[in-house]
Amino acid sequence: MRSSNPVFSRRGFSRDNGHAGFNASPQAGAPAAGANPYAQGTAPNPYATNPYAPAGGVPQAPARSGVMTIDDVVTRTAMTLGTVVVGAALAWALLPVDEANLNKSYGIAIGAAIIAFVLSLVQSFKRKPVPALIISYAAFEGVFLGVISSAVSTYIGPGVVMQAVMGTMCVFAGVLLAYKMRWIRVTRRFYGFVMAAAMGFMLLMVVNLLFAAFGGGDGLGFRSGGLGILFGVIGIILGACFLALDFKQVEDGIAYGAPREESWLAAFGLTMTLVWIYLEMLRLLSILSGDD
1 MRSSNPVFSR
11 RGFSRDNGHA
21 GFNASPQAGA
31 PAAGANPYAQ
41 GTAPNPYATN
51 PYAPAGGVPQ
61 APARSGVMTI
71 DDVVTRTAMT
81 LGTVVVGAAL
91 AWALLPVDEA
101 NLNKSYGIAI
111 GAAIIAFVLS
121 LVQSFKRKPV
131 PALIISYAAF
141 EGVFLGVISS
151 AVSTYIGPGV
161 VMQAVMGTMC
171 VFAGVLLAYK
181 MRWIRVTRRF
191 YGFVMAAAMG
201 FMLLMVVNLL
211 FAAFGGGDGL
221 GFRSGGLGIL
231 FGVIGIILGA
241 CFLALDFKQV
251 EDGIAYGAPR
261 EESWLAAFGL
271 TMTLVWIYLE
281 MLRLLSILSG
291 DD
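If you read the sequence shown in full-length UniProt numbering, its first letter stands for residue 1, the second for the next number, and so on.
One thing to keep in mind: the hints can contain errors.
Ranges between beta-carbon positions, derived for each pair [as the list claims (entries may be wrong)]:
1. T75 with A173: 32 to 42 Å
2. D98 with P259: 27 to 37 Å
3. T187 with E99: 32 to 42 Å
4. L102 with W183: 39 to 49 Å
5. A93 with R182: 39 to 49 Å
6. A93 with L203: 11 to 21 Å
Source of the hints: derived by calculation from the structure; they are not laboratory data. A quick note: this is a predicted structure, and the numbers were derived from the prediction, not measured. All C-beta atoms in this analysis are idealised placements derived from N, C-alpha and C, irrespective of residue type, glycine included.
Sequences and hints are given; from them, build the entire structure.
Structural data, given as structure tokens:
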């Protein structure tokens, strides 16, 4: 299974044809045909040639240095998200969205979003994580989020941004708890449902954008009113599902002794998912505040 996150899909954190690993082909000891590939202890070890891999093909926590641990993932994620926050704070302070500077600030925000998108694509197609690329992506993404958040705070309501931040944190904590308690089980069916829903969601958003660009207004109305609220909720739910998939891929990477540098990719992917959730949360709350 491949994660919905393009970072994890490109560099691994994947389970192809029932085999977990980092773009690894099936190894000896694969489960017999018909066996449940998600049953604990049945997946093959894709790091059989890794000197840090556990013997016997059973996932275990790595015991030696040089392999990815949960502390590595937490540290890199904190660094990446911290860069996003710093970039957003600087953009909020230095790029005002008042009448005199609105066009300039929006122009810089759009430029930063494009650069962040390009950097994310470059990193996604790299064979190895490049920390400089990941941190740069986070910085430019922060600039974009800072201007957008400032605009929402100015023109919609000063409390909306904090509500979106708290909502994003609650979604993250809720999904993490549900995943750790095994209330959410990442199976092939779960993956297929999430991917189908995500593709349909993105297709509708693209169609709506095209109608808005050529027909004016809000296109098909997916970004405002009742439909906007509905699609905002769907977007947040999809983001929560992406988090569950990402947690699963990170868990597999740690269990099979992935190299420590892969923790940068984990941080990168989790940051992208959290940005998605924040933007959807911000849009949903903006619509609800506007209706008030």
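Here is how each hint holds up against the structure:
Against the hinted window of 32 to 42 Å, the Cβ-Cβ separation of T75 and A173 comes to about 19 Å, which falls outside the hint. Taking the beta carbon of each, D98 and P259 are about 48 Å apart, not inside 27 to 37 Å as hinted. Under the hint 32 to 42 Å, the C-beta atoms of T187 and E99, about 52 Å apart, miss the expected range. Checked against the hint of 39 to 49 Å, the pair L102 and W183 passes, with Cβ atoms roughly 45 Å apart.
Here the CB-CB span from A93 to R182 is close to 43 Å, well matched to the stated 39 to 49 Å. For A93 paired with L203, a C-beta distance near 38 Å fails the hint of 11 to 21 Å.
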